[in-house]
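Peer 1: Could you put the whole structure together from the sequences, leaning on the hints where they help?
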Amino acid sequence: MAGKESVIVHGMWASPYSKRVELAFKVKGIPYEYVEEDFKNKTPELLKYNPVHKKIPVLVHNGKPIAESLVILEYIEEVWKDCPQLLPNDPYEKAQVRFWVDFINQKFTDIMMTIIKTKGEVQEKALSQVHELIKVLDEGIKIFFPDGNPTFEVKNLGLLDIIASTVFCSFSATEEVIGAKIIDPEKTPLLYSWVKALGEHPLVMEIIIPHEKLVSILGPWRQSFINPPPSQS
Amino acid sequence: MAWSLSRSELHRLFRLQLYVHIYSRNKKMSRSKTNMEEVKVIGFWASPYVYRVTWALNLKGVKYEYQEEDIFNKSGLLLQYNPVHKKVPVFVHGGKLIAESSVILEYIEETWPQNPLLPTDPHARAMARFWTKFRDDKKPDLYGFFKRAGEEQIQAAKEAQECLKILEEHGLQEKKFFDGDKIGMTDLSMGWLAFWFEAMEEAAGVQVLEANSFPRLHAWIRNFKEVPVVKENHPDQTRLLAYFKWLREMYTKPATT
Numbered sequence: 131m132a133g134k135e136s137v138i139v140h141g142m143w144a145s146p147y148s149k150r151v152e153l154a155f156k157v158k159g160i161p162y163e164y165v166e167e168d169f170k171n172k173t174p175e176l177l178k179y180n181p182v183h184k185k186i187p188v189l190v191h192n193g194k195p196i197a198e199s200l201v202i203l204e205y206i207e208e209v210w211k212d213c214p215q216l217l218p219n220d221p222y223e224k225a226q227v228r229f230w231v232d233f234i235n236q237k238f239t240d241i242m243m244t245i246i247k248t249k250g251e252v253q254e255k256a257l258s259q260v261h262e263l264i265k266v267l268d269e270g271i272k273i274f275f276p277d278g279n280p281t282f283e284v285k286n287l288g289l290l291d292i293i294a295s296t297v298f299c300s301f302s303a304t305e306e307v308i309g310a311k312i313i314d315p316e317k318t319p320l321l322y323s324w325v326k327a328l329g330e331h332p333l334v335m336e337i338i339i340p341h342e343k344l345v346s347i348l349g350p351w352r353q354s355f356i357n358p359p360p361s362q363s
Numbered sequence: 013m014a015w016s017l018s019r020s021e022l023h024r025l026f027r028l029q030l031y032v033h034i035y036s037r038n039k040k041m042s043r044s045k046t047n048m049e050e051v052k053v054i055g056f057w058a059s060p061y062v063y064r065v066t067w068a069l070n071l072k073g074v075k076y077e078y079q080e081e082d083i084f085n086k087s088g089l090l091l092q093y094n095p096v097h098k099k100v101p102v103f104v105h106g107g108k109l110i111a112e113s114s115v116i117l118e119y120i121e122e123t124w125p126q127n128p129l130l131p132t133d134p135h136a137r138a139m140a141r142f143w144t145k146f147r148d149d150k151k152p153d154l155y156g157f158f159k160r161a162g163e164e165q166i167q168a169a170k171e172a173q174e175c176l177k178i179l180e181e182h183g184l185q186e187k188k189f190f191d192g193d194k195i196g197m198t199d200l201s202m203g204w205l206a207f208w209f210e211a212m213e214e215a216a217g218v219q220v221l222e223a224n225s226f227p228r229l230h231a232w233i234r235n236f237k238e239v240p241v242v243k244e245n246h247p248d249q250t251r252l253l254a255y256f257k258w259l260r261e262m263y264t265k266p267a268t269t
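Line by line, the protein sequences give chains C and G. Mapping to my numbering: the first sequence position 228 is 358, numbers consecutive. Mapping to my numbering: the second sequence position 119 is 131, numbers consecutive.
Among the hints, erroneous ones may be present.
As the list claims (entries may be wrong) - Distance condition first, Cα-Cα at most 30 angstroms in a straight line; then the derived DSS-like pairs of lysine-lysine:
hint: 1; chain 1: C; residue 1: K158; chain 2: G; residue 2: K145
hint: 2; chain 1: G; residue 1: K159; chain 2: G; residue 2: K243
hint: 3; chain 1: G; residue 1: K72; chain 2: C; residue 2: K211
hint: 4; chain 1: C; residue 1: K185; chain 2: G; residue 2: K145
It is worth saying that the hints were derived from the structure and are not from the lab. As the structure is a computational prediction, the values presented were derived from the model and not from experiment.
Peer 2: See the structure below:
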């Protein structure tokens, strides 16, 4: 192909959705340019490239924009083929990965927001709902780990690993801030050990917010909801 | 009765029968080619998500067995086939189970590549997936008017119209179909607009998708309904209207103390 390829990711440092796109490019070894977006002051490019949602992440590949993180990941997999694959070749195995990617993507965002922003009965109800989801997921991922214990010494990260890292690796910080377990090593040992192994993978460590930093952000953020400052009259 | 089984014993027996059935079917199928193995769709007659799957199979000329499931009275079979979401459609191919319509459609596309539902160009494929996701993610905004009454319904109708405007101006644009000159995956995902939406509007007593405000979407609906696989296979409008009237009553019933 003549000319240099242009790969630009519009993202935001705290967004797990833009982290997914960055992680996918790192797994595939594809260099990309990164543009940090400020939610309160979005660049004209972002508004032009994602007029429908006006959100990140947006991938701009040779001037053509793609929005929605999962759509972007499927695109990355289809375009860059001569590098580590994110999906298995077999259509049924692919369907199983996509099913659980969809489950993780759909089910946890809103409930985790409720858990961080509330206390008392409301929070307890949300916690019990998320524990149910965690149990279902722990059971569901057994098909991917027939031997039980996930290890990632030399294995490439796949699509499910990418989604799981960007959703679950922040849970330990949330657990510390709220003072309760979400992924319990005794109740859901497989999921716990998988998330722990993901958090220790060198590529994941390049993109996730370090635990202490996340705790220092989540703590005051949580307080702003459960103990809002008195309004000035 | 001389003997009877407890509920849990019945469940265990049923599960055992199901596993034996799937195992023996898998053994029988192991010698045949993948794309000639038995295909089954478990669905509900009023679900637009089920129609996405059956339309896709019909477009590709894939024969399948259809099994109706009453989603208001879920059978043990559905709870076994889709224990995670307990929803239809569930797709069965040679004993392998797949749930979630978007996942099923991608599987169908890869397993039976004839009459493709997705274009070959990766960017165009991404656009098709983007619009399917838009429709699915915006469901609360699109359906909200159906569940509400009075002032809340007026506001919800406006929210639905905002989404529909985006679909018309950014999604469909000047094209005959969302996927170009022929229908594709996006059009199948928008199929709910062709039959279900008008029944919901009528049941809820409100017009949301006005012809003057949405000329392109109205043209798309007319064109979509003329596509042979759609013309031959769609929910009965009278039955659908009765169904939505019944649902609407449930949603808007005042709470009893």
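Peer 1: Against each hint, give a clear statement of whether it holds in the structure.
Peer 2: These are the hints, each one checked on the structure:
1. At roughly 25 angstroms between alpha-carbon atoms, C/K158 and G/K145 fall within 30 angstroms of each other, so this suggested pair holds.
2. Among the hinted pairs, G/K159 with G/K243 is consistent with the structure: their alpha-carbon atoms are about 29 angstroms apart, no more than 30 angstroms.
3. Distance check on the hinted pair: G/K72 and C/K211 sit about 27 angstroms apart at the alpha-carbon level, within 30 angstroms; holds.
4. Proximity of C/K185 to G/K145 is assessed by CA-CA distance (about 15 angstroms); at most 30 angstroms being required, the pair is judged to hold.
Going down the numbered hints, you'll see the structure goes against none, and every one checks out.
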